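Protein chains: 2
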Amino acid sequence: MKEKKARLDLLFNPRSAAVFGASDNPAKLGFYVMSSLNGCGFRGPVYPINPGQSEVMGRPAYPDLEQIPGPVDLVVVCVPGRNLPEIIRQCSAKGVKGLVVISSGFSEIDDPSGAGLQTEITDLANRAGLPMIGPNTFGFVNAHLALNATFCPEFLQAEAPRTGLPGHVALVSQSGGVAGIVVNRAYQENVRLSKVIGLGNRCNLDFPDLLDYLDNDEQTKVVCLYIEGIDRPDRLLKSAVGRSKPVVAYKAGQWARSDQASKSHTGTMAGRHEIYQGLFRQLGFVAVNSCEELLDTAKVLSLAAKPLGRAVAVLSAQAGPALAASDVLEAGGLTIPAFSGSTKKTIEELLPPLSLRSNPVDLAFAWYNLDLTKKIVDTLVQDPGIGSIMFMAVYGSANIGVVKTVTAVLLEAARIKPVVACLSAPFGLWDRDIAVLEQGGAPNYPTPERAALALANMVNYYG
Amino acid sequence: MKEKKARLDLLFNPRSAAVFGASDNPAKLGFYVMSSLNGCGFRGPVYPINPGQSEVMGRPAYPDLEQIPGPVDLVVVCVPGRNLPEIIRQCSAKGVKGLVVISSGFSEIDDPSGAGLQTEITDLANRAGLPMIGPNTFGFVNAHLALNATFCPEFLQAEAPRTGLPGHVALVSQSGGVAGIVVNRAYQENVRLSKVIGLGNRCNLDFPDLLDYLDNDEQTKVVCLYIEGIDRPDRLLKSAVGRSKPVVAYKAGQWARSDQASKSHTGTMAGRHEIYQGLFRQLGFVAVNSCEELLDTAKVLSLAAKPLGRAVAVLSAQAGPALAASDVLEAGGLTIPAFSGSTKKTIEELLPPLSLRSNPVDLAFAWYNLDLTKKIVDTLVQDPGIGSIMFMAVYGSANIGVVKTVTAVLLEAARIKPVVACLSAPFGLWDRDIAVLEQGGAPNYPTPERAALALANMVNYYG
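Line by line, the protein sequences give chains A and B.
So my numbering is basically just the index in the first sequence, starting at one, shifted up by 4.
So my numbering is basically just the index in the second sequence, starting at one, shifted up by 4.
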């Protein structure tokens, strides 16, 4: 176990890399792999391997691994699959620590030769003790090392408008397409990633291996899985013992056509939806139903404090969004209890009888008074009967001035209890304030329903 | 009936406006109402009314309506409610065509004086034949007239990054907060609006009146409703006869706490969720469960061709997103039939045996070949067994070059059958291409599940 962790540490944290199929030609995947490795900030040397060229992207190219002068930790392959046996032999001889096989043409194709080749390279990699991502994968990203070992340079955007920093959400995906959608969306919605891993055909690295590894990965707080089919639920169940981090699982292929399609796509039987839902319950996974819910749930789990029970205080500057959120919270099994004791007393003293003063609370025009908002939030933070806080407000130019101070109030509360926000404003008005709020521990969502569902998923996870 | 339509036409299409409570002070709502009326492109004169000032925003201010030299079609009120009786008398004398009462303090407050005042002004407005939006409303927007009669200048953004033009989705909301969230989101997601109307306390204009009017409004193709409670379902049912445009309805307040909160907020009993769902079925409304689903559904209904039945062809450049979409389509009652006849033959000739060639279709690497993508899409357009088409692809720098041409293929198909897209790319890469695609009739969504749900809602609407 420890040995495996050490091996995966070396795979994900290489000091140098080499690319079979590196190319100057933008029609080749090897061009994009080189761009990803060179253009995202990775500091180690990146060696192109291409017997037909003396140079690739201004760097000397080598005909094979052996000729490379320095040590090579990571090898990325985008030449045709038939070369893999020879490449694995070279890796073994060179002391390579990890392999990413982007090439396709293995068990995912109809032709039985593909499955044969896959068995061959799996045996070779296993015998060499070489951890291998793929084949038939986009590769992986380790954001904390600025390492992008994929053919998607955009998977690691140092200059993304709202996401300068790597984060703590890891994504392990059985589909490159879904990973692409989730990563694109993560940048748009400020969900910060630690690692993105494309499992591909899962020859010697599968879900249980990655879950074990990520549970011990200091840079990961939450693991997101996109699953099409699992071959060995017993391995998954065994590996779950003693695991400590939340896992959010999205399983596609529950209906007839998609189930059938999944079988062809990944070579495994996707299986009945109910079986997977039962498995996820046993595993303590948070089961979600869409790419959006996957990210929304991971966001709150990676940022917010742990909730103290199922009771939520719902505060809103406008009543409508509070109703919409309350529906989703109650459908998710959370409670919105009427306030009692000193909380009830304080809020009734602070708010005029015009508005909803119990739970949900309609702050109405009172929320322009920040001192008052702060007092209400503080009261709720101190109330042991309240497990978490939702805060909603719609801003426009008439009230945009208060965002910074509201944010400060919420950030203080978020240190003690989960605070989930739905602060909405016209396009482009205040992205920076939201980034500050989220990095301080209070995730923000564009609609009340998404905020409420994420909070319900988190509370249900902690039970 | 015709008379009422004519009156509402004048309310929503004024040639001039006056603002009671107009102000230079950014702490007053009257400042933002003036900014909205002046700053969004409305061409008629806008007269400030404020007895304490000789000028507001550089324009001469008047002490009352009578002193205004020219005719006044629309009056917007943001002075305290007790002034309303006198204001309505002035409106009547001046020949005003419509009234927006932003002021609060009517039936929504605990104090019975509020309800009394509301009855008084309702009677006055009814007797004067004066259509009145509110009280306790944010106002309304008529995007096609560049008229923003609200206190939210951002509700009509001429320079929004992706939405230069007004569109064909009308929103009628019982909550200003929800309207704010929906409008903010509409700009972010390129859902183009025709009118935004805040019902407020619904004194003499309520859902049935607005539905009647919008069904005849040339600039509106789809009506979105946000509903907290309906007092007179019989009026709604009566008014539904002969209505021709799709209505998408979002009802909040289905659970215990939100139901109770809704009662206080709008002064009506929100009522049991099931009763509303039954009512919506009778009315032929598309019932949705979130702000996001409201907009997503309205988008496809306002842009796409009518579907020819429940069968969907699912095309995807990557298999995973096709599975995710298929789940949602089948859960929504749509079918993803295996291809037959000449469609089956053509697609099997065009695609290699490597990939899913039935339905869903995994275009895999074949989609770089646009001629081939075009042939497959054309075949599906001609197949009478296929009612609509979903197309999904994830782009990065390796394949961004094909977006324009894929878009052209989809636009051609969208003229004949509904085409719903999930084209995903890293932040900021291609917003303009997507705007072209959508304005051409093929709505795009950021995730496969949202695209599929919108399509399912549309197909179920047309039955």
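Honestly, the hints are just simulated from the structure, not real lab data.
Keep in mind it's a predicted model, so treat the numbers as computed, not measured.
It is possible that some hints are incorrect.
Since the list gives no way to pick one copy over another, a pair counts as held whenever it fits inside one copy or between any two copies.
[To be verified] In silico lysine-lysine, DSS-like type, Cα no more than 27 Å apart, as pairs:
#1 LYS32 to LYS349
#2 LYS379 to LYS348
#3 LYS32 to LYS408
#4 LYS9 to LYS378
#5 LYS9 to LYS408
#6 LYS32 to LYS242
#7 LYS378 to LYS32
#8 LYS379 to LYS32
#9 LYS408 to LYS249
#10 LYS249 to LYS9
#11 LYS6 to LYS98
#12 LYS32 to LYS8
#13 LYS6 to LYS408
#14 LYS349 to LYS242
#15 LYS9 to LYS98
#16 LYS378 to LYS225
#17 LYS8 to LYS98
#18 LYS348 to LYS249
#19 LYS379 to LYS310
#20 LYS8 to LYS348
#21 LYS310 to LYS6
Task: Earlier hints that do not hold, by number - done: Violated hints (numbers, rising): 1, 4, 5, 6, 9, 12, 13, 14, 16, 18, 20, 21; every other hint is consistent with the structure.
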